[in-house]
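Please arrange chain B on chain A, whose structure you already have, making use of the hints.
Protein sequences, first through last, are from chains A and B. Whatever position you read off the first sequence (first residue = 1), add 811 for our numbering. Whatever position you read off the second sequence (first residue = 1), add 1 for our numbering.
To be clear, the hints were calculated from the coordinates, so they are not data collected in a lab. Worth double-checking, as some hints may not be accurate.
Said to hold, decoys possible - Below, a list of computed lysine-lysine pairs in the PhoX-like style, where the Cα atoms sit at most 25 Å apart: (1) K920/A - K44/B; (2) K835/A - K862/A; (3) K44/B - K856/A; (4) K44/B - K835/A; (5) K847/A - K835/A; (6) K856/A - K835/A; (7) K75/B - K14/B; (8) K920/A - K856/A; (9) K862/A - K924/A; (10) K44/B - K924/A; (11) K85/B - K75/B; (12) K44/B - K862/A.
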Amino acid sequence: DIVMTQSPDSLAVSLGERATISCKSSQSVLYSSNNKNYLAWYQQKPRQPPKLLIYWASTRESGVPDRFRGSGSGTDFTLTISSLQAEDVAVYYCQQYYRTPQTFGQGTKLEIK
Amino acid sequence: EVELVQSGTVVKKPGESLRIACTGSGYRFTGYWIGWVRQMPGKGLEWMGIIYPGDSDTRYNPSFEGQVTISADKSISTAYLHWKSLNASDSAMYYCARQSAGDDVGDCFSIWGQGTLVTVSS
Numbered sequence: 812d813i814v815m816t817q818s819p820d821s822l823a824v825s826l827g828e829r830a831t832i833s834c835k836s837s838q839s840v841l842y843s844s845n846n847k848n849y850l851a852w853y854q855q856k857p858r859q860p861p862k863l864l865i866y867w868a869s870t871r872e873s874g875v876p877d878r879f880r881g882s883g884s885g886t887d888f889t890l891t892i893s894s895l896q897a898e899d900v901a902v903y904y905c906q907q908y909y910r911t912p913q914t915f916g917q918g919t920k921l922e923i924k
Numbered sequence: 002e003v004e005l006v007q008s009g010t011v012v013k014k015p016g017e018s019l020r021i022a023c024t025g026s027g028y029r030f031t032g033y034w035i036g037w038v039r040q041m042p043g044k045g046l047e048w049m050g051i052i053y054p055g056d057s058d059t060r061y062n063p064s065f066e067g068q069v070t071i072s073a074d075k076s077i078s079t080a081y082l083h084w085k086s087l088n089a090s091d092s093a094m095y096y097c098a099r100q101s102a103g104d105d106v107g108d109c110f111s112i113w114g115q116g117t118l119v120t121v122s123s
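If we strip away everything but chain B, and leave its shape as in the complex, we get:
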């Protein structure tokens, strides 16, 4: 079964760093783009960026570039979303999602992780 499993709920303070994880199984991890999507409380979906674990080619939404870093460790089939310094506005649910059909960046998300809830509060 193809599956993405995300790391658990996190509570952090403003200014702290954070890395959340998304581990893929049941498929060739290096062969599909994985993206990150933010959903703020009660709001819609925002595409943050995407990475191709095969060669670490990464594309960012300009709205998020410089605010987060997307990376992947293909040796353990895991993609990451990293913040150097959190602020309260980063509080949201974050989903990872795998594109449907291989190495074309122009594709939709057919497999989703369960989400990681991040709360940033002093």
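So that you can see chain A by itself, here it is in the shape it has in the complex:
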């Protein structure tokens, strides 16, 4: 299985400041034939299902604010929230869908400082 490792496990950021979450995969999730990284980011708020934020490592899902940005390639990826808002408090997960079983990172809990 491809192991996804996120860092940090938790993060406290002041409102309006930048939040950065890292995700590393144990194998590359870049498919050479289409040059796409099979990497997604989800946001999960308490008592809600996860919500897709980013797919193909850097494409924002429709309706996701542009303060959310995904970057990276191969085995190293980053989710950046450029200016933290109160409604961004949540747990964030990365997921590889390059190979089954698809796997998630352990999650990063984002709080307000």
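Just chain B now, with coordinates in the frame of chain A:
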């Protein structure tokens, strides 16, 4: 509106069987993979497996294979997750989720059900 609606909260005893459901609407049910994701209390997301309702092609996470069965009834646009014999460690929230773009198994989940809470306790 594209939507997945899951069956309600369940309380079962160890050894009992269970089937939970996920009904899709607002799209062509047979044309998209649907997966199941487990979330144990206070823990992260675990990919259990996925089914393509169009032909019932099913892929399991080896960690769950043999423990659960994933199926689908395309006539009523419903996917299922089934246990023959529950144990306490199956207590969790279970989400169904639809992949984003059609018949490629290599895709992320863009539509999620609301979750089904399963509690197994004697």
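Against the structure shown, which of the earlier numbered hints fail to hold, in ascending order? Going through the list in order, the structure violates hint 7 alone and respects the others.
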